[in-house]
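Residue numbering for the sequence shown is 5 to 132, as defined by my numbering.
Errors might be hidden in some of the hints.
Said to hold, decoys possible - No more than 25 Å apart at the CA atoms, straight line, and that leaves these computed lysine to aspartate or glutamate pairs for DMTMM-like:
#1 K106 - E66
#2 K79 - E66
#3 K125 - D42
#4 K125 - D91
#5 K7 - E58
Stated by the list, open to error - Have a look at the derived ranges for each label pair, beta carbon to beta carbon:
#6 E66 - T8: 43 to 53 Å
#7 E105 - G6: 41 to 51 Å
#8 A61 - L10: 52 to 62 Å
#9 R56 - S17: 21 to 31 Å
#10 Q69 - D42: 22 to 32 Å
#11 A61 - V95: 20 to 30 Å
#12 N59 - E120: 34 to 44 Å
#13 K7 - Q69: 45 to 55 Å
#14 A116 - E66: 27 to 37 Å
#15 M65 - G6: 42 to 52 Å
#16 Q37 - I15: 10 to 20 Å
For the record, the hints were derived by calculation from the structure and aren't laboratory data. No experiment lies behind these values; they were computed from the predicted model shown. Where a beta carbon is used, it is the ideal one built from N, C-alpha and C, also for glycine.
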Amino acid sequence: MGKTILISSHILSELSQLCTRIGIVELGKMVAQGSVNDIYRQLQVRRVVHVRIENPAADLMERVQRIAGVETVEKQVDRWEIRLHEDQLSVGDLHQALVEEKARLTMFQPEAMDMETAFMKLTEGKTA
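Use the sequences and the hints to build the structure in full.
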């Protein structure tokens, strides 16, 4: 449509769902701009996926750790937390890789990335 609407808001979660491009201004200077995913990549915000696997093989965690794009795999009380380099491995590709590794998934839950975290990293926690 070729239209631009300028919105100023402190409700960053809503802006990240509404806008195709975002600019963050701190003390009168533009400190970041682009799509939400571009800003996350710029800040190296990692995507986290929580999985629960029925009767995992003894070496499965090690095999998952070796999947290209997986940063870390941590065992929690009742699930695994897998951190991704999303520019190397998408959430969908992780799911496919786990299926190919014969993991019987009973839960696969990507954690929502949030704009508040990105904002705090960009402004170093300072607010005007």
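Taking the Cβ atom of E105 and the Cβ atom of G6, is their distance within the range 41 to 51 Å? With Cβ atoms ~46 Å apart, the hint holds.
Distance restraint evaluation - Q69, D42, Cβ atoms, bounds 22 to 32 Å: This hint holds: roughly 28 Å between Cβ atoms.
Holds or violated: K125 to D42, with C-alpha atoms at most 25 Å apart: 14 Å, holds
Cβ-Cβ distance between Q37 and I15: within 10 to 20 Å? Holds, since Q37 and I15 (Cβ atoms, about 19 Å apart) stay within the stated range.
With the threshold set at 25 Å, check whether the alpha-carbon distance from K7 to E58 stays at or below it. Distance ~50 Å between K7 and E58 Cα, so the pair is violated.
A range of 27 to 37 Å was offered for this pair. Does it hold for the Cβ distance of A116 and E66? Since A116 and E66 have Cβ atoms about 28 Å apart, the given range 27 to 37 Å holds.
Within 34 to 44 Å or not, the Cβ separation of N59 and E120? With a Cβ separation near 38 Å, N59 and E120 satisfy 34 to 44 Å, so the hint holds.
Cβ separation of A61 and V95, checked against the hinted range 20 to 30 Å: Cβ of A61 to Cβ of V95: about 22 Å, so the range 20 to 30 Å holds.
Just to be careful, I want the Cα atoms of K125 and D91 compared with a cutoff of 25 Å; is the pair within it? 19 Å, holds
Confirm or reject the claim that R56 and S17 have a C-beta distance inside 21 to 31 Å. Once the Cβ atoms are compared, 26 Å apart, the range 21 to 31 Å for S17 and R56 holds.
25 Å limit on alpha-carbon distance, applied to hinted pair K106 and E66: With a Cα-Cα distance of about 14 Å, the restraint between K106 and E66 holds, given a limit of 25 Å.
Given hint E66 paired with K79 - CA-CA distance at most 25 Å: 11 Å, holds
Of the numbered hints listed earlier, the single one contradicted by the structure is hint 5.
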